[in-house]
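Taking the hints as your guide, dock the two standalone chains into a single complex.
In order, the protein sequences belong to chains A and B.
One point on numbering: in the UniProt record's numbering, the residue at position 279 of the first sequence is 279, and numbering is uninterrupted.
One point on numbering: in the UniProt record's numbering, the residue at position 283 of the second sequence is 283, and numbering is uninterrupted.
Fair warning: there could be bad hints in the mix.
Claimed, not checked - Estimated spans, in silico, between C-beta atoms of each pair: (1) Glu287(A) / Ala8(B): 22 to 32 Å; (2) Asp393(A) / Ala8(B): 25 to 35 Å; (3) Thr11(B) / Ser190(A): 26 to 36 Å.
Said to hold, decoys possible - Derived contacts from chain B toward chain A, CB cut-off under 10 Å, selection only: (4) Phe48; (5) Gly83; (6) Gly193; (7) Pro196.
No lab work stands behind these hints: they were computed from the structure.
Note that the structure is predicted; figures quoted are calculated from it, not measured.
The beta carbon of each residue, even a glycine, is placed where N, CA and C say it ideally should be.
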Amino acid sequence: MSALLVTGARILGEGAADLLVRDGVIAAVGADAATDAPGDVERLDADGLTLLPGFVDLHTHLREPGREDTETIASGSRAAAAGGFTAVLAMANTNPVTDTAEAAERILDLGRATGLVDVVPVGAVTKGLEGAELAELGLMHRSRARVGVFSDDGRCVADARVMRRALEYVRAFGGVVSQHSQDPTLAGSSACCHEGELSGRLGLPGWPPVAEAAVIARDAMLARHTGSRVHVAHVSTAEGLEVVRWAKAQGIAMTAEVTPHHLALGTELLTGYDPVFKVNPPLRPTEDQEALREGLLDGTVDAVATDHAPHARHDKEHAFVDAAFGMLGLETAFGVVHDLLVASGRMSMADLARVMSTNPARIAGLSGHGRPLAPGEPANLVLVDPTATVTVDREASHSLSRNTPWHGRSLTGAVHTTILRGTVTAREGEPAPC
Amino acid sequence: MRHLLSSADLTRDDVRMLLATAAEMHEVQRRDVKKLPTLRGRTVINLFFEDSTRTRSSFEIAGKWMSADTINITGKGSSTSKGESLRDTVMTIDAMSVDCVVIRHMASGAAHQVAQWVDASVVNAGDGTHEHPTQALLDAYTMEQRLGSLEGRRVAIVGDLTHSRVFRSNAITLRRLGAEVTLVAPPTLMPSGIGPWAAADGLTLTDDLDAVLAAGPDAVMMLRVQKERMSGGFFPTPREYTVGFGLTRERLRALVDANPEAVICHPGPMNRGLEISADAADAAQSLVLDQVSAGVAVRMAVLYHLLAGEEVAA
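This is chain B alone, in the form it adopts within the complex (with noise of 0.2 Å):
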């Protein structure tokens, strides 16, 4: 593994690899004294030109439990055509000779771009409305862990796909794993050329919640609605939006109802009354702490085998 840019470049023994790696470093996290010497001497730079706070610190704390030297940068907003060029900025860190960029930014594609200047591998902590493939990893891993393999489980993910990056990627690492997919969006916020897309990729759309919930999916996946969608037209209010597709205090106990073996997830942050209700993110079927736990382990595998791989096989 030279990069890890998209969810796509994982083949389902990939994915499975790494949240093989993933479980022991979590056993890793449990110990008192967490450091491992794996990637001593190896250089991380977390890159962020977007607000992040448990992407970056997870990212940051991965790269110290293996004692690499991670250090963080914080990009200036976005760059225009009067400002540096985003390859000058990246070469200019490439100069240093680092072993690993992680890239967060807010255009999609920006993770490619630098892993076509940079000699260092590139991990896409989020690209725009892009991808997002080790959020997509974690969430792998959480659900695993409460509902054993994934394979022709049912998964329903629910909310803004249009600019959801946590969508793109979970939709096909979960496919990986074999799981099924439902859609559930406004039709202003499926994403453009969906018809084909689900076509191609297995997944089912719909815009009805309440039926998906009744079927009793294994696990249902809340998408964060961006304040600035609200005013984007995207749908009229924010008490419609909670009416036709929040997780709401009925909607939870129709769940599980349902399924009482079915989880919640939420990748942060929440806007608690909006998509999900209070009810629903402290249920006990909610994996929302969970998913920031695993981030750490899934993170310290993504980067274990970008930068130990050959040693490990030694």
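For reference, chain A alone in the conformation it holds in the complex (with noise of 0.2 Å):
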């Protein structure tokens, strides 16, 4: 197999070394990779860019199967390796739901045949995502998709016998529940955005951030009841991020994710009723977004995550309230958390690393990402550029949507390369033939 020398990056943000890949491995760091490389090495000039384990992102819609006309596991595989991810946990809210150990390894099979990321099946934790009758967890589990992660995303498994079983039902083979963590009681069936006092101005319902720490608090209950692990999907205010904190500090197994959107955008954006801003949890106030960030660089918050949600054009031009929820994440994650906390300088790049790839990949059980950069290890990689200034262009993504709230605005820091297993996934921001 193939041999790739990737030479001056600067490892994790730290001195610039050179970086042997051999048979989709690390081979060699420093001094020895050079002198190591076979004569017919692929050479890869890193001068200038930083190289970090590929990115894990535990929350991606891909639509397939069911809304192919919005993304395909094809298309979100590109759009995923242009954004320096190597693995992307695949959400179970398709049509049909990913309920049984077929549809998790269909989903499999078709990520390995596009063969730009691993993709990795979330399991419904019900059937349908209905919330009443556990999905099949173990055949899930014991299947070759090897479910690990389990989540009825998009609604929350609100009642609460329902989660406790499957709390306890993962719980033996090791398996997390992932909570969207929403007591949908707490507001109408209609409600489409923060509850504060701009959702009262513009006359739209809103969700209270009660409704997710309400939850937060229940499942961190349960958690401790059961003896599981809960991972809070989303986590978008601060009252829902104090109580994963409280949960942490009672040694209770929780772990939590924030999105780009929800650490970088206001509520204010709703101004102008525009869906693109429209998402689930919604955006929520400064001092909400100030929390998160706070909470992520104390380690409250375990990850960074997408909630990549691509949607038709058609689905968005309804009047707010009946438009879909969700917005593009994949390509502009990194260029998003860079430019907003490493840039800034509140986070370092080994920092970035933790929550874009290693917490991400422990926290769903992926054994071959998020690792050291080390010899032995294997070789799923990024290198970024942390002085790139791009300006987020819709046209330009490589998803089959146009939803990312990112347009027009310039970003610094961009993904240059990622490889996976020692395979090139994209270049220079573009994915390779698939």
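In structure tokens form, the structure reads like this:
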């Protein structure tokens, strides 16, 4: 198999060094890399670039099967590779829902056929995401897909009894439930934004922050009761974060993720009723954004996850309350986090690697991702350019959809090259042919 | 003026100008022959996605009395992700080169969204629980007819504030005109974030209607309680609502005792016996029918300034 010599990259943002990849594995780092390289080695000049472990997204919606007009596993894989990801967890709310071993294996196979990123299926917690009966959690885990993360994302597992049983059940095989924490009884079914002064003025029905915090609190107690792991998907409020912080202090096995948009975009963007900013959980006020940033920096929040949610233009061009929820995220995640937290000096590149690769890989139980950049480790890598400034253009997206809230914004920091087990899957932001 | 989407789009001077024009139009309404040639050759589409009798008919009459070609289109129910998108629906209409789209929609923000898409002028004739700017103009017009200037006048707005577009527009327009505004509602029907909102906009909050009436306000605006709210857990029973927040016969007497010149408004349709008693609705203080009459004149003024602005100046 081929060999790849990455020269002059700053490893985790520290000193520049060479790194040799052979047979999909890191063969050498430092002075040995060049001397060990075979004569026909492919050379990749990484002067000025930073080398990180490939990113892992705990939260991606790929829309296949069911809405292949908005995203396929292939198109989503291209967007993921362009965004620096080497593994993405594909949420279960497809049509049909990923609630059987067969459905999970099909997604695994489609991901492998594309080959640009490890597509890891998430299994539904309940049949058809209906919140009533457990899906075949054990069979999904025993399948070739080895499903370990379960979520009804898009919906909250609201019934405490169902959540308790799910937690008890997945504990047997070390699985985790990723919860969309939002009590559906604390808001009307038409809730579509953050409940606060702006929603009052705009006449839009909202979700109060307590709808998130109350479910996180309940789940923390259920996790303690069952001894299971629970993961809080896309935490969006200071209140919710406060409960996560408390739970961790108690030693409860709770982890949490935050999205780039909840870190960087505020509810004030809804003033013009543009549905591109409609997302679930909703964009929150400045105080919540700052609390989430603090939570990410102090480790209360373990990971950044995109909640990449492609939608057709015609599903967004309805009245605000009727439009689809969600926004693109795979291609902009690194740029947003880097621009917001690394370029501003609040976070190091090593911190970014921890929240975008190491921690999410650990939460999802992916042994081949989020590993140290050391000999013998799988060569799942990303080279980023910390000085490049890119103006986001939705037309340049590799997703089949265009619903990015970042269109027209300039971000400092860009993904340069993505490497999956030694093979380049994206080069200068362009995904490799698959 | 390109569109009228929110009462916040109108400065105090804009409001004054529109109300002055409305007064002229009101004169026309009293003539035998009411037709003006002002908007001849202009096309106004009334695009109503939600049932409405008085607003739709008053926009239609307003357009016709100014010789515009006025066409009513009744949209289908709330669009869903499977139906035609709102954008497709309005682009179809805009493609016919109309001059003005008057839109009523059950979704907040629909008029704002439509204004982003079309070339025509857009008038918000009520969007969900957001705003109803022409209602606020006609309410101000009606109150001024009886009370004179609203500067320093005390107006109480009572009832389901959370779901009321009439309240949202009125609070803005009344403040523009210098009125003092007190909001009266049970805590469950106060909009979210009303605390900082009221502080920022200079509104007073209370749930004590009797105290407000005893202070002798100049105007009391009763809001309609919609049927679906009665089962939505916002208050226990209609009976309890009436006891707390209805303008009952006794409260009418208390109001008149405190201020014999006070006026009573209601945007209609009224739930007699729930938020307003028959005595109050039909009292000499009631402006309910004056409001309807003013509706046509105010909408004539709005269409005039949107569609005939330049010719007027010349």
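Which earlier hints turn out false for this structure, listed by number in ascending order? 4
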